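Peer 1: Listed below, chain by chain, are the residues.
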Amino acid sequence: MQDVAAMPELLGAFLSKESGQTATVTGYEAMTGGYSRLMARAEVRWQDGTTETLVLRGDPPPGKAMMETDRDTEWALLSALGQAQSIPMPKARYYDSTGSQLGTKAIVLDFVAGQSLQAHLNECSPETGYGRHTFDLVDTMAAVHRINPDDVGSSIQRPTDWSTYLGGLIDRFRQADRNHAESNPFLRYVAEWLDANRPPPLPLRLVHSDFQPANIMVGTDGSHQVIDWELTHIGDPREDLGYYMIYSSASGPNLIVPDPEAFLARYREKTGFGEDTINMATLGYFSSLAAITVYGQVLAGAGAMARGQNSGIMTTYTLNALTVGHNNFLAGCIPPTL
Amino acid sequence: MFSRPTTDQVILDCRNELLNAVDAAVTDPTVKITIQMLENVLRNVAERAAHEIAWMHEETDLMIGFATEVEVALGKSDELTAALSAYYAGRSDSLHLDDVSKTYGFAGECFSVSMEKVFAASHTALHLRSREILAIRLDHENKIMGEWAFVGRG
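Just so you know, the protein sequences line up as chains B and Y, in that order.
Just so we're aligned: the first sequence equals residues 1 to 338 in the working numbering.
Just so we're aligned: the second sequence equals residues 1001 to 1154 in the working numbering.
Honestly, the hints are just simulated from the structure, not real lab data.
Being a predicted model, the structure only gives us computed values, none of them experimental.
Beta carbons: idealized from backbone N, C-alpha and C, even for Gly.
Treat the hints with care, since some could be wrong.
Stated by the list, open to error - According to the in silico footprint, chain Y covers these stretches of chain B (three or more CB under 8 Å from chain Y):
1. 169-183
2. 313-319
3. 323-329
4. 332-338
What the hints assert, rightly or not - Chain B is nowhere near these chain Y residues, computed Cβ spacing over 10 Å in every case:
5. Arg1004
6. Cys1014
7. Asn1016
8. Val1022
9. Asp1023
10. Thr1027
11. His1057
12. Asp1078
13. Tyr1088
Unchecked claim - Quick list of simulated restraints, FRET-style, between CB atoms:
14. Y:Pro1029 to B:Gly131: 25 to 35 Å
15. B:Gly129 to Y:Pro1005: 46 to 56 Å
16. B:Gln21 to Y:Asp1013: 51 to 61 Å
17. B:Ser97 to Y:Ala1054: 46 to 56 Å
18. Y:Glu1069 to B:Pro260: 32 to 42 Å
Here chain Y stands alone, though its shape is the one from the complex (with noise of 0.2 Å):
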């Protein structure tokens, strides 16, 4: 296969016809603001195209490190030894979106778990330390949504 132009430049160029070449051509207020979402659409999944394998990544070993910090301070739990059963036998090595995506899920679970024992403990660390993953999957979405607002509203 060809890896460049990368599939972002790719994407970033067929926005770029849309909005130069198609929306040009339209009058239908309709068709337009349907335009100008697509147009926001595309740059969201370049940045995705470009980034997400490896944020899923990152955010995968920040969340089950979590989890096992969580596991350590605080003991074990039925819940959480199920959601870190699950997330072993199910992840994968494997960098396809599709494997990754997977077990980021799992991973997520086993965060979600964590953070539920955490309140039902009251440890301010540890909750501490959540919002901080929290923040790092929070900075990935912005980066993806970048400026947006509701378009053809009022």
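In isolation and in its complexed conformation, chain B is listed as follows (with noise of 0.2 Å):
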């Protein structure tokens, strides 16, 4: 997928035998701004005279990926929601599920003609405050835990009920550690602290995982298309909460903190979910639980490193995000008074 020089042909013969119509790829080059998989954007034109951008999303080379998970999950999943209309989102139109053809297990999107609200939300100034975008971001992350679990059938799995699963969640910190390469006394702190203060449940929904304005494209009218479903899973909507919350801090700017309240409001206005649940404190549980996701992925990146399994600067460089998760661990984690 990286062979901007190969990948043409390749490309054109893939989505001709999947389409059924002779295809012409026009341009292709690599993508920036995603992490963990290799993106690249082709311009392709159909026997039929049209054309069109289309989007690759692919498996990076073994043991260069800062973390895995599964395309063939990921194309269900897709798939699924797609055909559905559970949300708007860029259809998933075809999957080299072997990598025979496009060098690597690779997914082909719609391209999303527009920026991201990241992008947006760099060209505003903190002075003047972020306008329309606050609420919309609340819109959106509503709206993926308004998904009706039933949508996405069986492309991944489903807790059995809350108590468990939170149980289950709060043990990946404790597994985390344990097929670390060291020891990591952060994680086990915080499993036992986030056991010990356990919050009141919430119905099981579909939970995004990397739920950041990144991964948010911005049409011209307005309109929100979320991208990059890699890690969802049913599970506690807050996780995407909390993760915002932590992800923002990190890497802003953060849409909550000029007006906490005013954001949970909107959020559970447009969730239904009530105050006892969505409030200051779950989103201090929730941002130090939901972290474990992508941190879980990082640390296992850096494990594999130290093993010499693994290698490559995205590896290197998210070893950083270990220290900003824990930074927020311990910020959400309010120590007893004696």
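Two chains, two frames, some hints: make the complex.
Peer 2: Okay, structure coming up:
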């Protein structure tokens, strides 16, 4: 997928075979912005004379991924969400499930014209505020959490109940520690704290797991399309709230901080969840808890590097994300008072 | 061997070369992002090279001191005894980085097991003491991290 000289021919042959009409790839270039997967953009001319832009999303070479996720699962999920028309998102069109045609397992998606929400936010000034973007972000997050879990069928696992699920999520801190190349006391501390301070339950819903403005494309009419569903699972929707909180604290702007109560009130209004479950305390709790999904992946990459099984700048560069996680863990776990 | 320029000075010099000579000659946006990431990693490793052995020593003493304090205050347990035994059997006075790191890892496990005992006993004073040690560890990590944000995202 990275060989820009060879890919137009390979992709053209793949698209022709999958679509049943001849496709000619007239342009092909690597895309920046994605951390976990290889991304590329292709200009395609079809046999009937129409043209379009497509996006490829594929696995990095073995031993070069900062995190390991399953393309088969992602393809099944994207297909199910697209079929159910659950939420606006780029349509997943084709899939090389073996990597035999595109050089690596890769999904071909519709291209979304426009900028990411992150790019829009970068153009705003903190002094003048972020306008409609704050509530647009809340509304999109709520839209993800309103998706009926039945829409995704059996593409992803469904937990049996909230309490068992939460216990399993907490235990991932201990598992991450056990599987790492050295002891990490932060993980064991946070696991104990989270177990001792469980919040009231919520219905299990679809959780995006990397919900942040770089994964939201904004159309010319201001509408949102959510991308990058590789970590999506069924879980507690507050995981996305907490994850957004910590992600945007490290890579801002953080749209919660200017008025957290208004942010949470809007989210409650759009989801129908109550104040007993969506409040500042649960936001803090899930800020610690939610980080484990991505944190665990980054830590696994670091562990693989320590054992000589992984290499690459993405792994070394994102080691700092572990420190960001440790800062957030401690901030979210309120200490007792004497 | 020679010790000056120190390792961190050499690494930071490489970083300057990367930014001033290599980056200026590169136009490919994906490679420019890689250079920004490399710049960050080089700053991180320069800081580590300068301090990591001293910091691991300091933290090891604190973590083992805490484990001992917990054992005295809350009594012996199989888990903590096993962790401390592994530490004393595996620790080393060697200053080679790999040996210091192994000793640090054994001490980290003692600290983790101790904190679990503290939570089980709901012992507030020891809980707060464990937070102080975690804060020291985090302060070292933050010094290594320095200024950091995701580059190339958006």
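Peer 1: Hint by hint, note whether the structure agrees.
Peer 2: Hints, verified against the model:
| no. | hint | result |
| --- | --- | --- |
| 1 | 169-183 | holds (count 3) |
| 2 | 313-319 | holds (count 5) |
| 3 | 323-329 | holds (count 4) |
| 4 | 332-338 | holds (count 4) |
| 5 | Arg1004 | holds (26 Å) |
| 6 | Cys1014 | holds (14 Å) |
| 7 | Asn1016 | holds (18 Å) |
| 8 | Val1022 | holds (14 Å) |
| 9 | Asp1023 | holds (14 Å) |
| 10 | Thr1027 | holds (13 Å) |
| 11 | His1057 | holds (15 Å) |
| 12 | Asp1078 | holds (17 Å) |
| 13 | Tyr1088 | holds (15 Å) |
| 14 | Y:Pro1029 to B:Gly131: 25 to 35 Å | holds (28 Å) |
| 15 | B:Gly129 to Y:Pro1005: 46 to 56 Å | holds (48 Å) |
| 16 | B:Gln21 to Y:Asp1013: 51 to 61 Å | holds (57 Å) |
| 17 | B:Ser97 to Y:Ala1054: 46 to 56 Å | holds (51 Å) |
| 18 | Y:Glu1069 to B:Pro260: 32 to 42 Å | holds (38 Å) |
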